[in-house]
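Protein chains: 2
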Amino acid sequence: MQDQALADVTHKDMANAIRALAMDAVQRANSGHPGMPMGMADVATVLFTQFLKFDAAHPDWPDRDRFVLSAGHGSMLLYALLYLTGYPEMDIGQIERFRQLGSATAGHPEYGHAPGIETTTGPLGQGVGNAVGMALAERLLNARYGDDIVSHFTYCLAGDGCLMEGISQEAISLAGHLKLGRLIVLFDDNQISIDGSTDLAVSDDQLQRFSASGWHTAAVDGHDPQAVALAIENARNVTDRPSLIACRTVIGYGAPNKEGTSSTHGSPLGEEEVAGAREKLGWSYPPFVVPDEILAAWREAGAQNRAAFERWSAAAAKLDGTARDHLVDPVDEKVSAAISEAVAGIKADFAAEGAKLATRQSSQKVLERLVPVVPGLIGGSADLTGSVGTLTKQHSTVKAGEFTGNYIHYGVREHAMGAAMNGMALHGGIVPYAGTFLVFSDYCRPSIRLSALMEQRVIYVMTHDSIGLGEDGPTHQPVEQLAALRAVPGLNVMRPADSIECAECWDIALKSKTTPTIMTLTRQGLPLLRTAPTGDNLCAKGAYALIEPEGGRDVTLLSTGSEVSLAVDAAKVLGGEGIKAAVVSMPCWELFDAQDAAYRDTVLGSGPRVAVEAAVEFGWRKWLGPNGVFIGMRGFGASGPAGELYKHFGITPEAVAAAARGLVV
Amino acid sequence: MQDQALADVTHKDMANAIRALAMDAVQRANSGHPGMPMGMADVATVLFTQFLKFDAAHPDWPDRDRFVLSAGHGSMLLYALLYLTGYPEMDIGQIERFRQLGSATAGHPEYGHAPGIETTTGPLGQGVGNAVGMALAERLLNARYGDDIVSHFTYCLAGDGCLMEGISQEAISLAGHLKLGRLIVLFDDNQISIDGSTDLAVSDDQLQRFSASGWHTAAVDGHDPQAVALAIENARNVTDRPSLIACRTVIGYGAPNKEGTSSTHGSPLGEEEVAGAREKLGWSYPPFVVPDEILAAWREAGAQNRAAFERWSAAAAKLDGTARDHLVDPVDEKVSAAISEAVAGIKADFAAEGAKLATRQSSQKVLERLVPVVPGLIGGSADLTGSVGTLTKQHSTVKAGEFTGNYIHYGVREHAMGAAMNGMALHGGIVPYAGTFLVFSDYCRPSIRLSALMEQRVIYVMTHDSIGLGEDGPTHQPVEQLAALRAVPGLNVMRPADSIECAECWDIALKSKTTPTIMTLTRQGLPLLRTAPTGDNLCAKGAYALIEPEGGRDVTLLSTGSEVSLAVDAAKVLGGEGIKAAVVSMPCWELFDAQDAAYRDTVLGSGPRVAVEAAVEFGWRKWLGPNGVFIGMRGFGASGPAGELYKHFGITPEAVAAAARGLVV
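Those protein sequences? They're chains A and B, same order as listed. According to our numbering, the residues represented by the first sequence are 1 to 665, in order. According to our numbering, the residues represented by the second sequence are 666 to 1330, in order.
Keep in mind the hints are simulated off the structure, nothing from the lab. What you are looking at is a predicted structure, and each value in this text was computed from that prediction instead of being measured. Backbone N, C-alpha and C fix where the C-beta goes; we use that ideal spot for every residue, glycine too. Do not rely on the hints blindly, as some may be mistaken.
Some, not all, of what chain B presents toward chain A, calculated at C-beta under 10 Å [as the list claims (entries may be wrong)]: (1) E830; (2) G841; (3) H842; (4) S878; (5) T1050; (6) L1056; (7) K1058; (8) K1064; (9) F1105; (10) A1117; (11) V1281; (12) V1294; (13) H1313; (14) G1315.
Label pairs and their in silico Cβ distance ranges [claimed, not checked]: (15) B:G777 x A:T531: 44 to 52 Å; (16) A:D593 x B:Q873: 48 to 56 Å; (17) B:S862 x A:G282: 56 to 64 Å; (18) B:G1300 x A:H648: 45 to 53 Å.
Kindly generate the complete structure, drawing on both the sequences and the hints.
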């Protein structure tokens, strides 16, 4: 390669390489979205060649700038950039196998499929929330590690769809409030959505909207590289506010007949149009071929921060090993041991005190012990701090300019809270948890799903987990949320029955590196049931016999959370009648399901079964069998004192005992 | 009552009556939210005495102004207003039994509990979306009926929490785009949320934010009745844009020590503080007592629009009976018969054509017939019109100023779409349906829940209902959504197996006056299975034997939607081996569950069972029993061509046949 040849490579050549790869890959797959990558190729080229701090050879560099493709349908933009800049695993074969089973180049970017894919996107607006979380993580870690170790930007590419989704407003508003000056959103302002012109559905002045949330804003011609570079430069210099750059682009730029129309959005251009685009763009190379000198120019960009990476490595080498490890994963072996010790201590205390506590209170007490031993633990709540017990004496509040804190007031923004927690977990260095009411898990369900799909350790503290919350009534009483969450693959749904189970569930959640957890907790007080605590974490197998009658079982009572104490009371009543009832607590169905059949059979017993849970039956037949009886909710709840509601809906020890009697006789 | 005494009643007296009732009721219940009603009492008094077009004696007046309390936790504001103005069923006893089991005065306003409660609120931001739907319904019906019959305002009271929720942005943006000039949002700008000062979490300039979406905005002192009245008057005169009035208020206004603090938000003030508030407000009456002259002044306000109501009644009397009926319920007996006829016709056509169609396409063909016979049917989509088949040749687009149309481009705003559809259904006169992808049901789940809780006929068209969508990959492939939706009480989840079932499901959905429906439809083509169509709607019982082998069953294959054809193929394979397999199609579990046990047992059969559905197993054990075999998804999907995915995940006729063989042998 001649240096001269390399020097002759223009911005246009480099951007066209992205466009060609995008249209060719979509055409080959006969499926996909060429419009966005072709439209944003200029902006992306400017960003990756002039600004983005990354080293393709070291994709895990903790202090790299993060690039989030929130408009995930434009995945070929990202794959093209990763291939061109020389990321590992992203060879041309992957580009050729776009959208094929088993390839790294899935229809939408999938975290974990290849280095350089910072997050899974596609469900619109999520990436904006992830980016806010990453930018927040950067500031939190910067406050702990200093500029030499953590000091990077987060860039997010968002489309019209991302900005129409409500989650974007929550994220924008939160970022503006926290003045996340190192967050830069590049808005692909192409004025086209799937249904056609954005005029069909939206008339917002996006600059004014972002400005209303305290953002720096700018608008540029997204096909003018100098203007884009200047806007990014300016945005980087505005460090007291996040920045929006609205990039006016032409969707499908280069397609002779289709550019600027919705027909380029989500379908292949067609062979003829692709040929026409080659001509119009001046790109005379065959499909999937990028000329050596253009590829070399891109590879040079992929390595241009090598010196910065090496400076960083030298600085990081001076950190002690623990601090260095925690930058990536805050729960190493030492912290894990400290968690075990803290949990053992609080279990002993709970047992000694024997107090009746709501599990939201138990959880707070557990956190009181855990926060000091897990430095990367960052708490928060969606404006229900006092109600959900997420704040401890160990916390201080994170505010704009004060990132030494470890507690975030997310505001009434459950959805952005979930997406930001995903972003923090993905960033590394942080174990995020935050709380709201269980019924409002519905408000952040798309983010919960992504926690599970991306296998991120994100802990959702969700209290007021049944009609036991009382007077707030059916809008606030979850009845179907437990089932709906248990249906999500790769998600641990925990429902501890007392303080000790609560401590054990926290232990599991913090050590589940690749599984998010929902902690469902009560508003109302619960008696201590685990009066003989053991060193073992009994919740770790998901379910266990809390009461095993001597001489075998006549009936097994299955339950979770607040209803386990009803089952215990029922067992006592039955015992008085000579009916031997086991009580099985099932704090986590998913963990129980993962045990071997022998264990499951032993716990469930071979005799008749009754289940009690203040929620709908949906899903319970798996454990109950066809002849078991379920005591629970048959529809929505009602407003009234909790005790009256339990009676009204027939969820009582008497009802459980009666059901058991009916099966035994 | 002396007229003079009545004339002497001041604004302050009337507002204080609300405050006193609110603090007394919360104190009595020892639970609730006094802060908002006390803070917004002045604004509400101005609205109800000077502007709101309502007649307490005729709460169902179709052309009444709608008042939506989006900040539903302040329910006592609404209950106090309903009592004071003399609505039926809202006597002082109801106020005294606030938040008690069985009372109309639930913790949050519950639609249907008493006249005058226009919608169920509490989950924040939903009311804003409902109000947008109501204001849209008003314009749609105005375009059809004229000013004499439909011409009213929609007022929505929203708090900080409502405006922080992302759904509010979607709703605001949609309302601004459609220029809903008769929508007026009263923002309770009290600068307090549950965690404390709103400064903790939010810094938005709300006026600028609404202005960015094309709203008229104003800010007033919410305790200055003249200023509030002027602002409302101005807002009513701005008819080319919706209006926001930010009312600066003091939360808990009148509480001597607690006003202006978060401690008034969600807890009783306490006896002492209540006494202090009585003194400070100059309200010397005992709890729950409103002096006669003040009550009389309120009752006068409740009847002040009697003449307007009578003018309206006279105009409405001139309508033909059908038009008058459709103003409330667009599906009367005649329309119902027309639906049956249209469905019978399209079923016959489907049978005659025998074409392979995706159910999203079948659905579009069904709608093509239904739109002309159900004038109140208003379609739409969240920017997936072409993909979900919601638009027909019978539609024209609703635009700002053009409300004769019947199709709404909701934009990428699934959540506001759901909430707006709830608002339209609640308004009366409209049967709303709209579409997105099934996986994005998660984005509007809180609104779906409220459709069910409020028993509203809202039809969600949700396509791309499995891995059958192919290359878009796991972010777009629902695996747990069917289970999650089936878990919601009072919701019909339909999954038709072919064109004919699709038509039958539409028939059921449109006639289910008190049940919302999720139509889950495929992206991929499906063969016609119901080759011998009957006049009967076989889907109406939720499940039925599609194939009943002669001479009894060896095995029963259960399935839904796109997998029914796999079961049919498996049955053929098994038949060739001498194994008699029945195939049961289960398009709607909820309807099947509502049949008597004898029917269910007959359909399910007493022999071994195999179920096949391209989704997680969660919930299937109810029909399968412990020994049945489930063929489906065990986790998230993958990106690739649909046919390959079905093979990859082992969801094939061969797998079904093998499972059946294993059970029969």
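Taking the numbered hints from earlier one at a time, note which ones the structure violates and give those numbers from smallest to largest. 7, 12, 14 and 18
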